[in-house]
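Chains as they are written, first to last, in my numbering: chain A, -1 to 288; chain B, -1 to 288; chain C, -1 to 288.
It is possible that some hints are incorrect.
A pair holds if it fits inside one copy or across any two, identical chains being indistinguishable in the list.
For lysine-lysine, the following DSS-like pairs were computed, each having C-alpha atoms within a straight-line distance of at most 30 Å [said to hold, decoys possible]:
#, residue 1, residue 2
1, Lys237, Lys1
2, Lys111, Lys78
3, Lys1, Lys153
4, Lys153, Lys258
5, Lys40, Lys78
6, Lys1, Lys258
7, Lys111, Lys40
Quick caveat, the hints were computed from the structure, so don't treat them as lab data.
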Amino acid sequence: MAKPKILIQLDADAHASVFDAVVAVDAGIDHLFQYHSVTPEKIRDLVYGAMFTRGGPDLASTALFIGGSNVAAGEQLLRKAVGCFFGPMRVSVMLDANGANTTAAAAVLAASKHLDLSQIQAAVLAGTGPVGQRAVRLLARAGAQVRLISRSLEKAAAAAESIAPSTEEVAARITPLAATTAEETLDAVAHCELVIAAGAAGVELLSASVRSRCPALQVAIDLNAVPPLGIAGVESHDKGTARDGVIGYGALGVGGTKMKIHRAAIQRLFQSNDQVLDAEQIYAIGRELG
Amino acid sequence: MAKPKILIQLDADAHASVFDAVVAVDAGIDHLFQYHSVTPEKIRDLVYGAMFTRGGPDLASTALFIGGSNVAAGEQLLRKAVGCFFGPMRVSVMLDANGANTTAAAAVLAASKHLDLSQIQAAVLAGTGPVGQRAVRLLARAGAQVRLISRSLEKAAAAAESIAPSTEEVAARITPLAATTAEETLDAVAHCELVIAAGAAGVELLSASVRSRCPALQVAIDLNAVPPLGIAGVESHDKGTARDGVIGYGALGVGGTKMKIHRAAIQRLFQSNDQVLDAEQIYAIGRELG
Amino acid sequence: MAKPKILIQLDADAHASVFDAVVAVDAGIDHLFQYHSVTPEKIRDLVYGAMFTRGGPDLASTALFIGGSNVAAGEQLLRKAVGCFFGPMRVSVMLDANGANTTAAAAVLAASKHLDLSQIQAAVLAGTGPVGQRAVRLLARAGAQVRLISRSLEKAAAAAESIAPSTEEVAARITPLAATTAEETLDAVAHCELVIAAGAAGVELLSASVRSRCPALQVAIDLNAVPPLGIAGVESHDKGTARDGVIGYGALGVGGTKMKIHRAAIQRLFQSNDQVLDAEQIYAIGRELG
């Protein structure tokens, strides 16, 4: 008989995320251990406790979930956790700090339903943030020419570099660009079939006037749920909604898919003891869901 | 199929209450998430995590329990939590910091089995504390004339005011009074059919000599379990026990009812997603239990 | 119907042990409440919450587990927790800070399968540490003449004293000894049938050369899993493995038994509400497992 499924929530924040905890329960885990204020210095003993308690196939019934609002902190915890493993002594681990991986996967998955990503130019507005960076990475991996757009060229370039794409071929598809004024934004997105806005809550990144001058635009995805929204003419609840000939997805429209991917990714953790689920793996799980 | 029942324990103390956690399990919840050191500044993200993970009728399977030893802190957390809700986006929430609501409800419920509360004069000794204030509130709402007694008139008046009764009619039934000496206490309680002592552990509030000069007294309820008890002639285990013609309830006698109310209130949280259980609602649940 | 089994994990560290939590689940508990940063000053309310929520036979369905990396801190928490109990108002409690009790029990149990402990001389290298002290205590109680060996005679003597054996007869069987050089180690262990090495990770306490001059040696148990191991000629995975005529147990070989004892001890907690499981009780549980 399989051991009860234990998910160990490792969160860098002062309180472990309730959101992640509820999704874990709804994914079917039996026991959740919640850890807050987890630092790279403190994670080893927690990971060892997961590795050294169950043996053989039972190791697949223990898994780690790395969350918290700070994605960079989460990435560091993921590296440290994976660094504790050796040989078959390992447990599966998923990174979804701030929901960045599941959100980016859901956004790119939405786009892929309407576009052949390998044939398009895409723009990611506010592409320097954690969700934006992951969307850029997933789009470039899928073959798109991607413009990573920020108010600062320096930050855009740094983000493009830190994405660390797997091959030079993928790296060559990413172009960092600065855009602060409406004209600069128009220059950046005018020829793009896809625009994803991954900016902060309440900041409009693509105005109605700029948008009206983007004849190539086919899909607009806005991940900001708090008005003013990030893309004029996209509503929060839009989910493949056509308006003026452009298919739109809002934050809540993407959110349903994000939740499904999140749950499916947690279930995947318990299929073997060697899963490491970061952006690409989580996107692949999303594609399997269809 | 209904989702697993998740109770999120939000506690302002450095350790979330074991007491509240055990009662939650015995009320039949499936998963308990325990949060300690919860502050008004930090509660929003926790509440959002509860609100934004399950949809529609499933929202009724997630609920909040606000505890901790500091009732004022708990009240502040309750206001903040309820303030996060909007429209149908909400989960049920119960406040029982320091057990104040369930204890006051159990005490007033005990009295109501022997007296028509709308026809009596009642005295709440140490009525300024969290349990005392709630007992005063519940008695006045039930129609009793209530004397809120403290060593300081200033504190008694402030407490009577902070109870913030729902109507002026209710407010008019509450009289703040000071009593430090035996004579003052006698003046305050002499004509009362009901006395509830809600004072600190180990402090006698009603002596045998004063009590013997209270001919109207029919029910005496003492919520202090640590000797010396709060009311002379009432034993901790008394539960409707008649002594010298007065029916007595001690802390342990009230405690059994308190536990039943506590469990029933937690179960009530999961019947819909819009319950807000404070003193009055918890007392109503107690009345339904009979 | 029995209440759900609740185990309350009280841990003095900044994060409650994942290891202990997973073992608790695998022992069949229904709900685990994890508490970290538990201090002697803070434990009372936690213990009261366990004692005052369930009554009568149901008290046996709530139990305490005291863990953490600091065994002295754990011992202090155990004393404080037991001090909260009165009369039948108590719950079962187990101490296994740093796994010291289950590890020492497993090591002594391994030895007892090959030797009549009441007839032997035994040496515990690094006997001043928490596992070493418990191994010394268990061996002396079983009738062995035990040499508690440390680099410092002063520390060895202090440890022998702090073990506080139950009777003078047991105390008389414990001899503190200092050994720093190979010759001193040889003097200390030469006539022993059993050697247990309970030292720090990566420190060799018994070299091949010394070991080759110990003709009486029959069983060698090394609790250090990180190379260089504590006893030359014992491998981590050894579990009753004969090499050069000596039966060896390594850390992983002992570990399987330790886990079985740990799980069985947790299950024992729920058989009644009055168990206090420290080294001797946990060793007795191990003996019953055979």
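Evaluation of the provided hints:
Taking the shortest alpha-carbon separations for Lys237 and Lys1, only the inter-copy value of 25 Å comes in at or below 30 Å, while the best intra-copy value is 39 Å. In the homo-oligomer, the alpha carbons of Lys111 and Lys78 never lie at most 30 Å apart, since the shortest distance is 36 Å inside one protomer and 41 Å across protomers. Taking CA atoms no more than 30 Å apart as the test, Lys1 paired with Lys153 passes in neither setting, with 47 Å inside one copy and 44 Å between copies. Taking the closest pair of Cα atoms, Lys153 and Lys258 never come within 30 Å of each other, the shortest separation being 32 Å inside a single copy and 55 Å across copies.
With identical chains, the CA atoms of Lys40 and Lys78 are at most 30 Å apart both within one copy (10 Å) and between copies (28 Å). Taking the closest pair of Cα atoms, Lys1 and Lys258 come within 30 Å of each other both inside a single copy (24 Å) and across two copies (15 Å). With identical chains, the CA atoms of Lys111 and Lys40 are never at most 30 Å apart, being 42 Å at best within one copy and 38 Å at best between copies.
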